[in-house]
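Start from the sequences, fold in the hints, and give me the full structure.
Those protein sequences? They're chains F and C, same order as listed.
So for the first sequence, the numbering used here puts the first residue at 1; every next one is plus one.
So for the second sequence, the numbering used here puts the first residue at 1001; every next one is plus one.
What the simulated footprint calls covered on chain F by chain C, stretch by stretch (three residues with Cβ under 8 Å from a Cβ of chain C suffice, anywhere in the stretch; the number is not a length):
1) 193-204
2) 209-215
3) 283-294
4) 297-303
Cβ pair distances, simulated, as ranges:
5) 1109/C / 198/F: 31 to 39 Å
6) 257/F / 1161/C: 54 to 62 Å
7) 1198/C / 263/F: 19 to 27 Å
8) 1154/C / 226/F: 49 to 57 Å
9) 243/F / 1064/C: 57 to 65 Å
10) 1067/C / 260/F: 54 to 62 Å
11) 243/F / 1161/C: 58 to 66 Å
12) 1300/C / 260/F: 18 to 26 Å
13) 112/F / 1109/C: 52 to 60 Å
14) 1202/C / 198/F: 18 to 26 Å
15) 1022/C / 301/F: 40 to 48 Å
16) 1261/C / 125/F: 40 to 48 Å
17) 1113/C / 301/F: 38 to 46 Å
18) 1113/C / 240/F: 41 to 49 Å
Think of the hints as simulated: they come from the structure by calculation, not from any bench.
Each residue gets a CB set at the ideal place from its N, CA and C atoms; glycine is no exception.
2 protein chains.
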Amino acid sequence: MKYGVIGTGAIGGYYGARLAHSGQEVHFLLHSDYEHVRQHGLRVLSPQGNFHLSQPHIYKDARDMPQCDVVLVGLKTTNNHLLAQLLPPLLHSRTLVLLIQNGIGVEADVQQMFPGLWLAAGLAFICSAKTEPGVVNHQFYGSLNIGNYSCTDSKLIDQLLDELHAADIEAKSLEYEKARWRKAVWNMPYNGMTVALNCQTRDLMTQPDSRRLIYEQMLEVCNAATALGVQGVDEAFAQKMMQMTDDMVPYSPSMRLDWDFHRPMEIQYLYTRPLQMARQAGCPMPRLEMLEAELRFMEAQKTS
Amino acid sequence: MKYGVIGTGAIGGYYGARLAHSGQEVHFLLHSDYEHVRQHGLRVLSPQGNFHLSQPHIYKDARDMPQCDVVLVGLKTTNNHLLAQLLPPLLHSRTLVLLIQNGIGVEADVQQMFPGLWLAAGLAFICSAKTEPGVVNHQFYGSLNIGNYSCTDSKLIDQLLDELHAADIEAKSLEYEKARWRKAVWNMPYNGMTVALNCQTRDLMTQPDSRRLIYEQMLEVCNAATALGVQGVDEAFAQKMMQMTDDMVPYSPSMRLDWDFHRPMEIQYLYTRPLQMARQAGCPMPRLEMLEAELRFMEAQKTS
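Now the structure itself:
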């Protein structure tokens, strides 16, 4: 299959490069790194082995890109308005667009922009960062769960999973709603709290009051998901997320990195949308609503 | 009457000095400022007119102080364990101790230390600060509400009110529970939030998300107070507190000053105790519980 990558950063760059390294045809849209990658190629540092693409297919304008069978979107959701311009050149009538993005409600909004488009959620469980131009530093984990949102060709999803496996990427298919809400159980507490309290995951797990708060926030997400009819987002899963975070190295989630590097935070899809849905289902999340307010306050103070 | 002041700072120093200036006999316990005040006296800067006590009755050891009819306690609640040593020398069988302190549950705990003692809450509505040794800088407001907790001699309270009035202090008597919980409607949101978001009251009122959050937190306090059977702590009162804060100059509440000056924060009485009482009454305050956790986390990080 022919692959396109929009947003060649820590996420899109990693999965795209791995697919290309395995022999797939991958077309990368680049922005600030274009000239550097044209001269030096794309490098991935990884515990699974480093590798280098010396002459990847790269573009600085989406209008020059070919139509693709699968498009990986690795943009920050704060840039999703750009998809209206960036996506159309890459689409044919059976293109699958995989939104490897954070939060709840992303697919619904992109579907509104492109009503007939086949969409799936990509849920990356990975620690990786673009540490310098043209270099993706993959630190650990790396699995990619796929939640089909509106693709009616299940064989296409199966083929994508096969080719991801062939590229040494752990990947599986999950029920869409369950996949997004399970990710939210981890994302909603840790992303915002590491910003609000200027710390890393380990600090939150070590201090007893913040640890209890994190768990209460996880339960808020579980209760909301259950009220919304999503199965399997329960207390047992929350406990698993606590255990997993205990087992992780001290970690700065993406929102903390966005804040530190003065990029806009993904408040809309990580907080506002799921909070709205929970309220509409009669199951508000007061602690996470408070966290959203704190983050919006911080964002406003930063820019004022 | 004979007055004693324990904790001659921004609060105890202000009210004690004003009483002394009006001609009352006031005995001040001093700590770090003792030598300075011995040489230079005690000075109050105030919009009601500056004044100076050249030779106040001062002590560096409570054991040297005389028995008093009324003792004003202006200590931070984080130092209340010291009262076990500091209070006894000042007490006779009919002494009234006025705890001019923040939070909920202070009187109950001091009463446990001194079962027969007459206690009242002093609710200071004042902006004042000790800006240098021996100088109390009174900025604005200054009224003192008194909520009788366990004094069985109502004439003593009346006399105290009379003498406060004679000392140019606006003072009145309020029902104890109502007075403490009304103060909590303002104290619980603003004290912690100005610390958590590193800002002043005005910032919280200006940004729409934090403004909504503050109001939701006020309503949590109102609901808890109502569940505990306290009358008159309702939405109308919360709206009045919002209006009053809108009308105030940008302000740093005492907890924010404690945090800035590396003093311990009064988390116990401002948050932990009222939160416990609310939970026991079946009416928890989730946003303020979260705020307590954030403050405890910050305090723990500071000292670790």
